[in-house]
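> Sequences listed follow chains A and B, in order.
For the first sequence, my numbering gives the first residue as 1, with consecutive numbering after it.
For the second sequence, my numbering gives the first residue as 1001, with consecutive numbering after it.
One or more hints might be untrue.
[Stated by the list, open to error] Some chain B residues close to chain A (C-beta under 10 Å, calculated; not the full set):
{"hint": "1", "residue": "A1063"}
{"hint": "2", "residue": "A1366"}
{"hint": "3", "residue": "G1416"}
[To be verified] Which bits of chain A does chain B cover? Going by a derived footprint, with three or more residues having C-beta under 8 Å, they are:
{"hint": "4", "segment": "138 to 152"}
{"hint": "5", "segment": "203 to 211"}
{"hint": "6", "segment": "274 to 287"}
{"hint": "7", "segment": "361 to 367"}
{"hint": "8", "segment": "377 to 384"}
{"hint": "9", "segment": "387 to 401"}
Derived by calculation from the structure, the hints in this document are not laboratory data.
Even glycine gets a Cβ: it sits at the ideal position worked out from N, Cα and C.
Protein chains: 2
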Amino acid sequence: MSIATTNLIEQQAIEAKKAAKILNLLSTEEKNEAILHVASMLKKNANLILKANKLDLIKGEKANFTSALIDRLTLTHERINDFADGLCQVAELEDPTGIVKSSWTLENGLKVDTVTVPLGVIGMIYEARPNVTVDATGLALKSGNAVILKGGSSALESNKMIVQIMHNALEETRIPKEAVQFISSTNREVTKQLFTMKEHIDVLIPRGGASLISAVVNNATVPVLETGVGNCHIYIDANADINKALPIFINAKTDRPAVCNAAETLIVHEEWFNVHHKQLFEMLKEQGIDVFGDEAVVNSFPMASLATEKDWAEEYLGLGIAIKTVKSVDEAIDHIDQYGTKHSEAVITDNAETAKYFMSQVDAAAIYHNASTRFTDGGALGFGAEIGISTQKLHARGPMGLPALTTVKYLMSGTGQIRE
Amino acid sequence: MSIATTNLIEQQAIEAKKAAKILNLLSTEEKNEAILHVASMLKKNANLILKANKLDLIKGEKANFTSALIDRLTLTHERINDFADGLCQVAELEDPTGIVKSSWTLENGLKVDTVTVPLGVIGMIYEARPNVTVDATGLALKSGNAVILKGGSSALESNKMIVQIMHNALEETRIPKEAVQFISSTNREVTKQLFTMKEHIDVLIPRGGASLISAVVNNATVPVLETGVGNCHIYIDANADINKALPIFINAKTDRPAVCNAAETLIVHEEWFNVHHKQLFEMLKEQGIDVFGDEAVVNSFPMASLATEKDWAEEYLGLGIAIKTVKSVDEAIDHIDQYGTKHSEAVITDNAETAKYFMSQVDAAAIYHNASTRFTDGGALGFGAEIGISTQKLHARGPMGLPALTTVKYLMSGTGQIRE
């Protein structure tokens, strides 16, 4: 990497930090007006975005991108309207900053307020979807944060155009355009520079596949909000009602197989398995699901392949499922402990004690009793926009909306108080 | 490092994780009873602790430890009573787990509860003070967490004896003794093993000097709660009342110079400086404070040395102070941005606008207007015991009590809900 590029990135980070301080002084109304203006300019300039997107799509086709990747990359008038409307929704959400969380006065008269404030500068590292450029910008600005955007190189032209339009729009508002920084270098070493810029960046949020996320988590000294990898399990207990178990499993597996809250492993108590495996396998066949199972599964379902270690850890993100039989709920919990990603886990049982035990012992952001894992989602839970789904335990867990982009300050007002 | 040691540490971490699951099933009463029993056994066995402490002190004297270090290392009957009483106070605090933070039902009938739960396994890495062994154990157990203790090698014998007494005590309670793991190896490579045990450890909390903390922050892939380095500034504005400014500064500098909320740099507006520097310097002289100042300071106070870059970043932790003069509040804020550690910062001014601006633009856990920085402390703020003072923005900021040792789970209870 050239020294010039490093300096450029650092310069962008410094500009972002300065802009964050200005953002900190704006009112909710000023932020909302700016966000709405950005939304309207994105709609107005949709044709420019589509033209730039076309360039990315041509490049992607030449590079033989999968149809799934092409789909994620593709923008249409409708998709542009959707992300612009998303900005309007963000403008309507409550401002998460400036909220007094607690307030008290010490005996000596010192007044203590804890107040929510922006994190400062957010580094967003993401992959193909160009809508993230807009979604992340809206959530960052609304919560008073500057944002440094590092999108995937496959969407470079689309992202550049979107950012240019957003910059032009911001110039007509009170938000400095420097609050939105876009890194256009496609050099991976440049992304790595962001990992260690503790001086200028307050948090990194990686959004994308497991390898992107682990690269950030394992190399960053800047604090990270880990999102989205979901190796989710459905555990069908001995006492599970088949009329709940099968529909829940099929919904969790097939409703949207490519998303992080989809089921990837089915764990079945052997007592239930012995009674119901024929119905289970019929349904798997009907749905065209590829099965990777343990010996018990392979022995009773000839279309299944024997699962390897890799299958237990795999996010198929498609119509594959790993199936394991167990002798007890503890064996199921141990398996989830070993292979789960702390995202969403479900137990299907009519035994309330088993459900309670599973929910206490499994370590994950969301734990379901007799329901599909597909509800771990800001939209489904009624939060409005989300910046990602946290699979870590510190700071924020599960779907992260605007409050996850804030921290608190202790503001102490005195009249000369000293500690005796 | 031998393979045997690595395996031992990993084994300890695995045992801690298993014990954390058992802890998760205990009632508040069961945890409290255990903590109180540990407290009483520590008091009963004080002589054994003092005998072990004597061994550490002899070693320390041979190694020519400073008197400050010897003081931190030294236990007395009174200090043992203090930390045992601290455990009793922790038993009395509200259980931070099992608290329903929010609860709602989706239109389809799926019930959603967010409930506080323990983090799991806490890795505590600390230096000389043996009381941390007890304080951290109490806070961890009360919040349902297992703890892995890695104390400083200078306190090895004291810590080993304290842990042995705590283990013996726990054997008579419902808390498995494996919930408290002590690493007795003094090999630094062993500590490093803890940095990357993401599978088994949920959070690392370093407590100690800046070099310990930065070693953890820069090398850990396990999430870290950063604590305690405090390069705190007092900014005396043009409009500061000298009768507030001088007492506040002296209190912040001299009340307990070795602690993290003590003042390390004084920033003075030149208008105030021009009028009041004689009184300021008289007081510094009187208090025996060593001054490292910029040119304006050195020119008017012959006993001052010229400050170097190092002084602006230095935590003297003793009777030294760096003094800088500025032309504006913005210059003060820029200086704090560059050298501050986001701990505690104060502005002394009678101008409410300046105070508000300073409090909004300075990025720190605690910001004071017309009061000493010494109040950033769980005890002073009325929180009860604290595990450390967070200088990071994610998860917890400022003094961290029991709630900082918890996270939330989304518990979803359904009757077969699927996403349509």
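> With reference to the structure, classify each hint as holding or not holding.
Comparing the hints with the structure gives:
no.	hint	result
1	A1063	32 Å, violated
2	A1366	4 Å, holds
3	G1416	4 Å, holds
4	138 to 152	violated (count 0)
5	203 to 211	violated (count 1)
6	274 to 287	violated (count 0)
7	361 to 367	holds (count 6)
8	377 to 384	holds (count 3)
9	387 to 401	holds (count 6)
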